[in-house]
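J.: Going down the list, the sequences are from chains A and B.
The numbering used here puts the first sequence at residues 1 to 282.
The numbering used here puts the second sequence at residues 1 to 784.
Derived from the structure by calculation, the hints contain no laboratory data.
In this text the structure is predicted, and so the values were computed from the model without any measurement.
From the three backbone atoms N, C-alpha and C, an ideal C-beta is built for every residue, glycine too.
Some hints here could point you the wrong way.
[Unchecked claim] If the Cβ cut is set under 7 Å, some of the chain B residues that face chain A in the computed set are: (1) 118; (2) 119; (3) 122; (4) 641; (5) 645; (6) 704; (7) 706; (8) 708; (9) 709; (10) 711; (11) 712; (12) 715.
[Said to hold, decoys possible] Here are the simulated lysine-lysine pairs, BS3-like style, with alpha carbons at most 30 Å apart: (13) B/562 with B/653; (14) B/650 with A/93; (15) B/236 with B/340; (16) B/535 with B/524; (17) A/93 with B/535; (18) B/304 with B/156.
So you can see what is in the structure, the chains are spelled out below.
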Amino acid sequence: MIPAEFSYVRPSTVDEAVAALSGAGEDAKVLAGGQSLMPLLRLRLALPEVLVDLDRVDEMREIRDEGDNVFIGAMATHYNVIRDPLVPALVAKTTATVADPAVRHRGTFGGSLAHADPAGDLPAVMLALDATMVARSPRGSRDIPAADFFVDYLTSALEPDELLVGVRVPKLGDDWGFHYEKFHRTAQSWAVVGVAAAVQRSNGTVGAARIGLTNMGPYPIRASAVESAASGGPASADAFRSAAEAAAEATDPPSDLNGSADYRRHLARVLTARALTAAATV
Amino acid sequence: MTTAPEIGSSRKRSEDARLITGKTQWTDNIQLPGMCYVAFLRSPHAHARITNIDVSPAKGRTGVIAAFAGQDFADEQGALPCAWPVTEDMVHPDYLPLAINEVRFVGEPVAIVVARDRYAAADALEAIEVDYEPLPPVLDMEEALKEGADLVHGDKGTNKTYTWVFEQGDNEAAWRDAPVVIERRYIQQRLIPSAMEPRAVVVAPVGDEYTMWSATQVPHILRTVLSVITAIPEQKIRVIAPDVGGGFGSKIGVTAEEVVLMLAARRLGRPLKWTESRSEGNLTVHHGRDQIQDIAIAADRDGKLRGLRVKLLADMGAYLRLVGPGVPLLGAFMYNAIYKMDALSFTCSGVFTNKTPTDAYRGAGRPEATYAIERLMDELAVELNLDPIEVRRRNWIKHEEFPYTTIAGLTYDSGNYEAATEKALQAFEYDKLRAEQADRRERGDPVQLGIGISTYTEMCGIAPSRVLGQLNFGGGGWEHASVRMLATGKVEAVIGTSPHGQGHDTTMAQIIADKLGVPWEDVKVLHGDTATSHKGLDTYGSRSLAIGGVAVVNACDKVLEKAKRAAAHLMEASEQDIEFANGAFSVRGVAESSLPIQDVAFAVNLAHNLPDGMEPSLDSDATFDPENFSYPHGTHLCAVDVDTETGFVKIRKYVAVDDVGKVINPLIVDGQVHGGLAQGIAQALYEEGVYDADGNLTTTTLADYLVPSAPDLPTFHTDRTETPATTNPLGVKGVGEAGTIASTPAVVGAVVDALRPLGINDVRMPCTPERVWQAIKDARGGAS
Ligand SMILES: Cc1cc2nc3c(=O)[nH]c(=O)nc-3n(C[C@H](O)[C@H](O)[C@H](O)COP(=O)(O)OP(=O)(O)OC[C@H]3O[C@@H](n4cnc5c(N)ncnc54)[C@H](O)[C@@H]3O)c2cc1C
């Protein structure tokens, strides 16, 4: 890798990191696991003047129980997330589909969210679970609901001097089932389309359903029409299939080498039905 | 003492411990005192005139030693070679190492920076000023051939480089009143060879002599060509191919980067290094395939083939590479495959486009031919309502008919298609899967099962020098080996081919161990350095064993012959009475007499007591030039599950029964088959080099150019039949390309078979989920 020149700081606490980031000005970038940033540096698509490496900020790796929520530190690696029993099932299951073991050992939970890649798997999950992003800057701490966090293609609501410290993920009860349906061309490749589904079951009917869509637009979105169509209905494959007909509504999928927008809309419908069915089946 | 033979034993590769623990000498690992780094500035345009270029601003950048544009080397850079002028009138434009007036593909180098480190070199590229005046890019082969088309090479007046015609048998008669005629068009997409090690070059000038390390498959060819281009006398150039991490054809060229580094090193008198990035490699390593195949067969109603007609367009890219024009010719002789027929008509035109030049890629010509004929045999089966195996059986050469001269004029020395097919059908449980397929079709299962078949053959062991001459190829096809016994009885062998992952160190040592009766561990194999390996024609076309291995045998025979004379002298017996077995000489009928070959080696080296006139060393030098190609064959069967809702294809079962003749090392053969299958499957399902409408390559990273990895591939069931080649003393046929050649049609055939009830008879490669889905949608009249 031959990036352009940059200077480098390696803080070891959140306070130091916040100070380093705000002190470094507009052209500073946080370096977490580097799995998305390094390719951009290599291609010289990102030209930061300063890199603030969070690798030594151990307090940001913590995953802890906060009662109604689980707090996942931004620097927890995908590998940590998959293995920690505190992590909600949908998050762990989805993280297990990210990339390959090498990437999962380096890539971080927070980096995946801050990067706001429309093909990234975790943003849709945060959206479906109504998680809250916790950011820190010299102005203090700020909570950002997932629904407000993913703003545009590769753009989050974080200010340039804001650090994503971690995420509060609400716990859902035992009556919820989860599934992430990822459609990708090879095991190591990104999602062409992904569907995160959480389904609350009660006696063969659907109490509530939450669905987040990956790569169906410049940022993840909820399939609200499907959620309402499925809620209150029978928890059956047929019912899910007809509810999922609305999965492409309000989406704005890209056309690229992996699929046309049309194909993605079709996939969204098929995969949403599958995700709901799988989530509803224990 | 009798030891188990080495030939046939699954030795673990002696090179692996070093390779997998990173103790390698890749070209990029080479560090020399005072070494500087080179970065290439490359064209961002598919086609443009260079109206101005100024490298001087780069020279002022920190760490920069020098910067050069094409003009700076105008008098010395010559043109990159094409060694295969397939026709007398082939249009052959100059291919400058650094473009001067015009660029013709994105990635074509136009200037270099030489700096103290790689970062400084890369940074300074942006300081070079180039003004381009864009010209219309030529991107479509058929458009390129139309009257008035834009031209890749304006001064040539045409985008066609050659048309090569090959007619055999009575085509008129074969097609007249043929009861069955089937015509199809198949597209061989553009592939980007993705060797794990990117290319890298180091040049060290010392006085007027030069050592070049390069990640190359062809150190000998490279040295000769470099000498011709630069006018540096050949004896003053030493080329070393150190550890080379994969090639698949992509490292057989003589590249712009190699030539330019040589020239810059000469100019600056400093050692230089260049290592490409993956994206740079995707743009500039030659690409493979990219052909349009119009193929037709004429047959009788009983399925018997009468004639075959092939019209081919082959995309050469912007320039002719080392053997690029000849690649389709290597396929020309293979379209008839294992089948008997009366006539063959083959026409191929090479076409220029504003894309990366193409050249040999694993299989080179034969995968394309095999794909087309195997797909067409399936179509014939459908047309005649016969099982696709049965159609093949009715046409293939029977085992008792060998040697058999095919319609293409090649003599297949040996083979047993019945045996390989029988073994494959058994392992695959063909009948059972067909029954399951029928059941799932009936049930309207959204996941449909498809079965694909490839009863392939190929020609490898490239090639008899005389045949190459007849085909206008600018080189020979022989191979060299020398074997020497050291004073301590250990063995060193020098071979003319060099590995980039094939395991030469191991297999060649196995052959030598058996021939000389010495322990395998006692043999060291040297290669890849023109100072050590003084002659050879390098590694491509599955030739290392089938030709190079035989040269090793010949060299061993010479050593034995001499050792035998020495032994007779030392044992005071007549040479006729000397026998050799298990590494020792003995006198026939004399029970206790035994002289190990190591002792003979020592005595010959000592030279105290040698027969009159015998030279004091136990070594030899031998070559082998084959009389014929070798013809591996086999039967591959593939079962796929096609999810008709998403279009996703999953390979469920893959059985490969190959006949590669005598097997030296089964483990290595399995490895070659596995890797070959992965690459053939990659063409069928995953890989494609894609250009946009402006001629930009859009697949410049591994995120866009999808190379499958282990989780995407099934567990392969590999097995073999062993019908020895009769054209070489080892009975070997070569296995480097077989898996790639065989597997692509088996996989695509399976996809099409799954969709056949919908009336689908083709899905364009790679069969991506979207293409499969689209085919289904179209077949259903637009509903998905
Ligand atoms: C081969 C490969 C395949 C992949 N496949 C997938 C996949 O299938 N699915 C998937 O979801 N992802 C995939 N990824 C991406 C992977 O999940 C990355 O780890 C993730 O996108 C970024 O995390 P990171 O820790 O590496 O962040 P980095 O690359 O270090 O940073 C990414 C961006 O986020 C910013 N950032 C990081 N952390 C913070 C923070 N705490 N506060 C503020 N800003 C921050 C950085 O400044 C940068 O802009 C893949 C990556 C690779 C290399």
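J.: Please verify that hint: residue 711 of chain B, Cβ, nearest Cβ of chain A, below 7 Å or not.
T.: holds, 4 Å
J.: Compare the distance between the alpha carbons of residue 535 of chain B and residue 524 of chain B with 30 Å, and conclude whether the hinted pair is satisfied.
T.: holds, 18 Å
J.: Minimum Cβ distance from residue 122 of chain B to chain A below 7 Å?
T.: Check passed: Cβ of residue 122 of chain B comes within 5 Å of chain A, closer than 7 Å.
J.: Residue 93 of chain A and residue 535 of chain B were given as a pair; does the straight-line alpha-carbon distance stay at or below 30 Å?
T.: It is violated: about 58 Å lies between the C-alpha atoms, which goes past 30 Å.
J.: Mind checking the alpha carbons of residue 304 of chain B and residue 156 of chain B for me, to see if they're no more than 30 Å apart?
T.: Not satisfied, since the Cα-Cα distance of roughly 45 Å exceeds 30 Å.
J.: Residue 119 of chain B was flagged as interface toward chain A. Is the shortest Cβ-Cβ separation under 7 Å?
T.: With Cβ-Cβ at 6 Å, under 7 Å, it holds.
J.: Taking the closest Cβ pair, is residue 712 of chain B under 7 Å from chain A?
T.: holds, 5 Å
J.: Return the status of the interface hint for residue 708 of chain B: holds when the least beta-carbon distance to chain A is below 7 Å, violated otherwise.
T.: holds, 5 Å
J.: Just to be careful, I want the Cα atoms of residue 650 of chain B and residue 93 of chain A compared with a cutoff of 30 Å; is the pair within it?
T.: Holds - the C-alpha atoms of residue 93 of chain A and residue 650 of chain B are around 22 Å apart, at most 30 Å.
J.: Would the hint on residue 118 of chain B stand, with a C-beta cut-off of 7 Å toward chain A?
T.: At about 5 Å, which falls below the 7 Å cut-off, the nearest Cβ of chain A leaves the hint on residue 118 of chain B intact, so it holds.
J.: With 7 Å as the cut and Cβ atoms as the points, is residue 704 of chain B at the interface with chain A?
T.: holds, 6 Å
J.: Residue 641 of chain B was flagged as interface toward chain A. Is the shortest Cβ-Cβ separation under 7 Å?
T.: Violated - the Cβ of residue 641 of chain B stays beyond 7 Å from chain A, reaching only about 15 Å at its closest.
Hint compliance for this structure: hints 4, 12, 13, 15, 17 and 18 are not met, and every other hint is.
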